[in-house]
Amino acid sequence: MGNFFSSMFDKLWGVNKELRILILGLDGAGKTTILYRLQIGEVVTTKPTIGFNVETLSYKNLKLNVWDLGGQTSIRPYWRCYYADTAAVIFVVDSTDKDRMATASKELHLMLQEEELQDSALLVFANKQDQPGALTASEVSKELNLVELKDRSWSIVASSAVKGEGITEGLDWLIDVVKEEQL
Amino acid sequence: MPPLDKRIKKFLKNSIRVAPKISNKGELAELRAGLVSQYPQTRKDAIKKTIQQMTLGKDVSSLFPDVLKNIATNDVEQKKLVYLYVMNYAETHPELCILAVNTFVTDAQDPNPLIRCMSIRTMSMIRVDKILEYVEIPLRRTLQDDNPYVRKTAVICVAKLFQLNKELCIELGVLEDLVSALDDNNPMVVANATASLSEINAMDPTVISLLDLIQSHVSRFLLALNECTEWARITILGALAEYTAQDCVEAQEIIDRVTAHLQHVNPAVVLATIKVIIKNLVQIEPEAKKIVMTKLASALVSIMSTPPEMQYVALRNIRIILEKYPTLLTKEARIFYVKFNDPLYVKLEKIDILVRLVDPTNVKQCYVLMRELKEYAMEFEPEFVSRAIQGLAQLAIKCGEMTFVSKTFEILLDLLESQDALRNDCCIAVCDLLRHAVGNEVLTANACELFSTWPVNEVLLLSDSAKCNYIWLMGQYPNKFGELQDKLSCFIENFAEEEPLTQTSILITVVRLHSKLPGSILQNVLELATNQIQELDVRDMAIIYWRCLSMPNADQLIAELCSSVSPQIENTLDTFTPDVLEKLLTEISSVSSVYFKPQFDGPRNAVHHHNVVRGRHIDELKDLAKNELARKANDDVLLDFDEDEDDLVSPRSSMAAGGPQSHMDDLDNLFDFGVSSSSQNNGNGNDSIDKGVADLNLGKPEQQQSNQQQSQQSQNTINSNTQDLLDLF
Chain U
1 MGNFFSSMFD KLWGVNKELR ILILGLDGAG KTTILYRLQI GEVVTTKPTI GFNVETLSYK
61 NLKLNVWDLG GQTSIRPYWR CYYADTAAVI FVVDSTDKDR MATASKELHL MLQEEELQDS
121 ALLVFANKQD QPGALTASEV SKELNLVELK DRSWSIVASS AVKGEGITEG LDWLIDVVKE
181 EQL
Chain G
1 MPPLDKRIKK FLKNSIRVAP KISNKGELAE LRAGLVSQYP QTRKDAIKKT IQQMTLGKDV
61 SSLFPDVLKN IATNDVEQKK LVYLYVMNYA ETHPELCILA VNTFVTDAQD PNPLIRCMSI
121 RTMSMIRVDK ILEYVEIPLR RTLQDDNPYV RKTAVICVAK LFQLNKELCI ELGVLEDLVS
181 ALDDNNPMVV ANATASLSEI NAMDPTVISL LDLIQSHVSR FLLALNECTE WARITILGAL
241 AEYTAQDCVE AQEIIDRVTA HLQHVNPAVV LATIKVIIKN LVQIEPEAKK IVMTKLASAL
301 VSIMSTPPEM QYVALRNIRI ILEKYPTLLT KEARIFYVKF NDPLYVKLEK IDILVRLVDP
361 TNVKQCYVLM RELKEYAMEF EPEFVSRAIQ GLAQLAIKCG EMTFVSKTFE ILLDLLESQD
421 ALRNDCCIAV CDLLRHAVGN EVLTANACEL FSTWPVNEVL LLSDSAKCNY IWLMGQYPNK
481 FGELQDKLSC FIENFAEEEP LTQTSILITV VRLHSKLPGS ILQNVLELAT NQIQELDVRD
541 MAIIYWRCLS MPNADQLIAE LCSSVSPQIE NTLDTFTPDV LEKLLTEISS VSSVYFKPQF
601 DGPRNAVHHH NVVRGRHIDE LKDLAKNELA RKANDDVLLD FDEDEDDLVS PRSSMAAGGP
661 QSHMDDLDNL FDFGVSSSSQ NNGNGNDSID KGVADLNLGK PEQQQSNQQQ SQQSQNTINS
721 NTQDLLDLF
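Protein chains in written order, with the UniProt record's numbering: chain U, 1 to 183; chain G, 1 to 729.
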């Protein structure tokens, strides 16, 4: 009997509780495309996001509340409004945009210093691998100085949102880490 | 106690629910935590509580970013709540609004038309210029939406956008879309597009030519008229009233098509229809006119069976229509008889209408009305009685027949005998009648006989115009009054305190009778009038008379000036000038028809263009204002004796800081006032601009002074309060 109740509560827990995941990155990195790749499994035509998109998706029995925040310079200061209670951050980098790698790195480290994000996991997508001249995951990792990160579970995955490569692998890793921490 | 099954349900609901609840206290920290909760249910509860606090007037604007996070949801209810919040606080957080743009744009493509509509409405409603940059695509899309509910909202949004940013609106070219919406197959859309276009036209008449548009769409309007809601009908009828028919056939057609709406239950629709008919009435054939007139009359009668407030509006409008078509309601006089439970303002209007609509050639009807008014004059409400007595005099003069006048005269004398309190009004009425029946010896003798019996030394009459009339009568028929000198000197004693009308009257009468009175009285009055009276008219008049009296042939000159017989008055009902009347007829069923003040045409909304929230500085200003309010609230708390003494110093400094700010505001107000008054003068064309400017110059220092005085006073009171408190401690 007790077993029955606990399983019922577990179910309710799973249904009601949502994990907040943020997708951040510079403008044009492919955040919105990744979000809708996850949500409907298709490539949608996107316009620059002024503000945010938010979708709820079920993934491996978990309810994920995924927030895709606009990456334009004018909106970046408002990222901080969304940091609270975030389980994980997905940082998307345009692997072909070598000129702005430094900016991306700066934004990433600035964000990770925030008190509210101390416990959240970090997944970096080295996106746009389908395009010629894209840096590899390790090169991006070096550009972003990811090795410097201590006390945080992080991972970098090479991906192509347009072709759908690497997205699920990255998310699988993220979910495993988050599950361990949260449940 | 609720039934058992309901209690069980409630218990189960509460025990199964895992999501934490929000308490009723509504503390900001708790609400904030709830808004970002992991549980959707908690978030929704928190939003509800936040809105609750907002409607109670508590400032929950600091939760803006957290509430905004909940805007993207599939729950229509929650979405509506968040939109409500965003609308309310967008102006205090203009830069955060940009975070909602994406959601607005997405929502404008939502499969649910309610959400599409909500998004575009909110977007054009938020007066933040950053949002306006992104309005183009959603607005264009919703204007072409296949759901009429969305389209009818979008057309209104064009007008809103125009108000907020005219240049952008023209640049986007949505005005063309708006014009083509006039051809929409949904009548609601047509009506809203019309309303939107007329708003835009009122803001800036140069952008679109509304009249041409109306002209080319008359048949469309007439078609749509029967299918749409009452308020849409009013809009369309309003547009039709702007249109002048080409010939009598078209005018007749328009009248035929709209006549059905005269029987609508909504009085606003009826009045709007009447406006259209009156506009076209001048053009149609005389025979057809008669039929239309009877229909008009019955429509006007029907709107008299509404609640008193609407009756009042109807009566004011009828008053305008009657001036154009005096015989319209002659047969319906009974409708306008006063009922005992009518409010006073309706009663007064009814008497006015009754006297106006009566046919002066129909003596029988006049007698009926006279008896009715006589009954009214014996009621107890002073204003009503006074208006009834005035009505009697107006009626007698309108009718003009001698026996009728004498009959009215008798009634007035009877009333005078019954009640002393009616002296004021009866005196005016009798004098009016005497001025109408010039040369009627019997009436004059009777009136003077009665008036001269009134005791001299007590306060005879109270109102200015009653005194004026009484004194005029003494001047006119000095031989019929006994103790003339005593009576006059009684008035002269209070000369300086009297109102201008009475002063003038005393002055004229004394000059006129100077040969009959001792010279000292004349001297006295002239001196008083020239030395002690500020009123320019009285003083100038006194100076002129004095000058005349000092001329060599003074007696002859004065006799010439004063002995002229005043003309017989034919009508004591006030009328509009022809051009005002024509304007008012085109503005029936608007506010101007209630106040009898025609609208000033021209760009009247010039001020509204600047109220978009732009950038930071307005925000800062608002904060300033808020702080000031907070400080003032502090002042109130001080009076509760709860604060520390240290705080007692602050209100003074805050007052000092608040001082210049309030002066600025006053100055701003002053400017607004000045602009409007001078432009009004401009529009009327009656007063020259110079006068307006002069008014402005005169007005400014005075008002400023008074403002300063006020603020000084308030400062004084605050200071004295704090002083008292200090003493207490």
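Be aware that one or more of the hints could be misleading.
[What the hints assert, rightly or not] Partner residues are not named here, just some residues of chain G that face chain U (Cβ under 8 angstroms, in silico):
#1 Leu81
#2 Leu99
#3 Val101
FYI, nobody ran anything at the bench for these hints, they're computed from the structure. All residues carry an ideal CB built from backbone N, CA and C; glycine is no exception.
A quick look at each hint next to the structure:
At a threshold of 8 angstroms, the smallest CB-CB gap from G:Leu81 to chain U is about 16 angstroms, leaving the interface hint violated. Restraint check, G:Leu99 versus chain U: the minimum CB separation of about 4 angstroms is within 8 angstroms; hint holds. Taking 8 angstroms as the C-beta cut-off, the interface hint given for G:Val101 holds, the closest approach to chain U being about 4 angstroms.
Checked against the numbered hints above, the structure breaks only hint 1 and satisfies the rest.
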